[in-house]
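Enquirer: Sequence:
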Amino acid sequence: MFRRFARVFKATGAFIVASGGVWICYQVHSTINVIHNILHTNVLDYRQKKIEYIYWKDAINQYLLTSMQDEQNVRGSSNSSVFSEVLLRWWISAQKTLAWRLLHIVKIGDKYEKRRAVNALANLKLLSEWDYQMLAQACDAHIAVALSRTKGCDLRFLLKRPKLWHNKKPPSVKKIIENMIRLLQAIENQSHHSCVENFLSTYERKKWRAHSHEDSPGTSLSPLLEDELLRKALDTLTHYCSIDDNPRGDLLLGSLPMLMDLIQVVENDNKMLSNVLSIISYISTFPDALQVFHATGWLWVLAKWSRHTDASLALPCVKSLANLDKDSHDSVSYPQKVFPLYPPFRSNEDHKADIIFVHGLLGTIFITWRQRDSVKIEYPTIEDTPPRPTFWNNIFLTVGFSGSDKVEDTKSETPETSHLNTQQYKNQLLDIRKEEFEMLGKDFEYVLADLPTAASRCKEEPYSLPGLKSLKEEGLNQNAYSQCWARDWLPQDCPNVRVLGVNYTSTLSQWFPKCPNQNRAKLADRSIEYMHMLHKVGVGQRPIIWITHSMGGLLVKRMLISAYESENKELHNIFRNTKAIVFFSCPHLGSELADLKMPTELLFWPSLEVQELRYRSASLVDLHLRFLQLLEVSPMTILSFAETKATNVTAVKWPVNFVKPHSADPGVGEFFEIPLDHIDICKPVGRHSFLYRKIIKLIREVLQDN
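Residue numbers for the sequence shown follow our numbering, beginning at 1 and rising by one.
If you're looking for bench data, these hints aren't it; they were derived computationally from the structure. All C-beta atoms in this analysis are idealised placements derived from N, C-alpha and C, irrespective of residue type, glycine included. Just to be clear, a hint being listed does not mean it is correct.
Unchecked claim - Straight line, CA to CA, 25 Å or less: simulated BS3-like cross-link-like pairs of lysine-lysine:
#1 K151 x K174
#2 K174 x K107
#3 K174 x K111
Unchecked claim - Cβ pair distances, simulated, as ranges:
#4 S19 x H104: 31 to 41 Å
#5 S456 x V633: 18 to 28 Å
#6 P162 x H329: 42 to 52 Å
#7 I32 x Q291: 39 to 49 Å
#8 P162 x E565: 49 to 59 Å
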């Protein structure tokens with residue numbers, strides 16, 4: 001019975017299996033069709049195809065290959081040129097692949113791997129414009145700020161302003177003023193401030209006058225008045241941001257787009273541009289500022305201006321980027337009155353010492369520490385070297401100079417090869433001139449500038465340098481004026497140090513104070529405030545060298561006394577780790593100019609800073625005696641310079657001796673009297689100034705001993 005129906009069962013089972021398979025295949029086919037109708041699969045290959053299509057249209061890569069082919073045509077084909085072309089093509093392709101690999105490491109690696117990958121990524125060259133744009137889009141805010149603080153980084157790695165802002169025309173001054181008025185009104189509503197209130201009241205009065213006479217010709221707000229109003233509004237906002245006890249909110253973070261518009265209008269006005277960047281440096285201290293800076297394109301703007309030679313523009317940008325970069329090896333948040341002068345970029349090395357600059361009355365870090373510009377010294381120079389042949393030219397260039405004074409005769413040549421040999425001939429003649437100059441330069445000495453006229457307690461000093469060495473060093477910087485020698489010169493002569501600058505405001509008279517309701521801080525109060533600010537940025541963890549001018553020296557002395565008396569161990573280390581102090585015309589015993597008679601004092605109404613500088617006042621004498629006692633507890637190297645020339649003040653050139661030599665002499669350490677006035681005493685004329693050479697020698701001795 002079973003055998004009779006076995007074939008039937010087998011046939012039925014086979015039919016069912018075959019039918020089921022056909023049904024399943026049909027369902028799969030139908031599903032695939034539905035998916036294809038929803039999403040085209042070629043979308044998945046869109047990115048790769050677009051890169052392949054655009055990549056070789058890069059102008060730089062095409063120029064390199066074209067230049068190489070032109071050289072090959074001039075000199076004839078060779079196996080080495082073919083190999084070089086293949087090598088260049090492979091190298092350019094590998095650069096793109098390596099860039100994406102490095103970006104991946106930056107995202108998933110540990111801290112050490114991230115730092116190395118960021119440095120390698122920033123130094124990649126020969127990428128196409130398309131690659132830079134793709135990488136900039138792929139970078140998050142943390143990677144972008146790391147790249148912006150990496151030396152030599154191409155700014156195309158950073159996102160610019162959003163397209164909505166980038167392509168539109170610069171807004172009118174009137175529109176920007178309206179936006180700034182709204183911001184100041186919101187600030188005034190949130191936290192009352194008399195300076196903001198005074199400006200808004202002035203603005204409302206001018207607006208009412210213009211509105212009440214709008215039908216009269218010539219009474220509306222003129223462009224000149226608009227510019228003045230914009231400047232005053234910006235000054236008010238800058239002053240508000242400079243006060244440390246202001247509440248922090250989202251108002252200023254939300255003003256970044258408006259400030260981006262403003263920077264387009266004031267780009268050619270360094271004073272207003274510096275104010276905008278100072279506001280940005282204040283906003284950069286906010287906890288959640290990095291994402292907003294990245295989204296609005298401010299990282300690109302800050303990276304661009306941080307490379308500027310003007311210290312008043314570059315230093316606020318360097319400070320802002322440092323505040324935003326929380327992943328760096330030396331990550332700190334700089335307060336309003338402390339600026340990082342060096343290093344301007346990320347540094348993976350441990351600094352050997354902190355060099356801190358503190359200016360004096362009415363000074364700033366942008367003015368006090370610049371190179372002296374009243375006298376221009378002309379140095380004998382060697383003619384600039386003409387451009388050398390390129391790398392590809394050197395591969396095929398046949399050297400015809402045998403080491404003698406004559407150049408070998410050349411055979412008949414094409415115009416291209418003749419030009420190359422002419423350039424080679426010029427280079428050979430220049431080498432001969434340099435050799436002759438080196439032999440001549442051994443026979444003379446270079447006398448230093450800014451030599452002292454008198455000295456006390458000093459060692460034997462060299463007042464000259466070998467002529468050849470000095471000319472070579474000066475030749476590197478003869479045309480480069482330094483707006484901040486603390487930033488430009490010191491790191492070259494004393495590497496691996498951190499240079500900081502304390503920047504504060506002060507006044508001579510109370511008739512026109514900067515802020516009517518701002519607390520008038522005494523010398524002791526200022527020093528404690530600055531001591532805590534410096535402690536926040538890590539001062540006290542390594543040897544400290546102070547370089548001060550005028551009242552800045554008094555601030556440092558009072559600061560060290562406060563640190564010595566502090567029970568906080570970290571604050572006490574500021575005193576313990578102080579190894580040297582440089583005083584430029586510091587009034588240790590006060591200034592006779594501050595001793596005003598009663599009628600003059602009532603008329604002049606000197607500020608609190610000036611009142612504390614009275615000659616031989618009890619507070620200054622006590623401060624100096626306590627400072628001398630500190631030197632017995634912890635010895636320090638003291639170097640002092642005094643002015644001997646009067647300073648011309650006011651338009652009538654009235655000569656004034658601000659600090660006499662007997663007041664500038666602390667009674668300890670080396671003391672030199674320099675034939676300069678109070679303003680120029682801290683401004684070396686060049687790197688071969690006696691002032692600068694003494695400071696460099698002192699710093700090197702401290703670094704060697706510690």
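Enquirer: State for each hint whether it applies.
Expert: Status of each hint after checking the structure:
{"no.": "1", "hint": "K151 x K174", "verdict": "violated (39 Å)"}
{"no.": "2", "hint": "K174 x K107", "verdict": "violated (44 Å)"}
{"no.": "3", "hint": "K174 x K111", "verdict": "violated (48 Å)"}
{"no.": "4", "hint": "S19 x H104: 31 to 41 Å", "verdict": "violated (51 Å)"}
{"no.": "5", "hint": "S456 x V633: 18 to 28 Å", "verdict": "holds (24 Å)"}
{"no.": "6", "hint": "P162 x H329: 42 to 52 Å", "verdict": "violated (32 Å)"}
{"no.": "7", "hint": "I32 x Q291: 39 to 49 Å", "verdict": "holds (42 Å)"}
{"no.": "8", "hint": "P162 x E565: 49 to 59 Å", "verdict": "holds (53 Å)"}
The structure fails to meet hints 1, 2, 3, 4, 6 from the earlier list, while all remaining hints are met.
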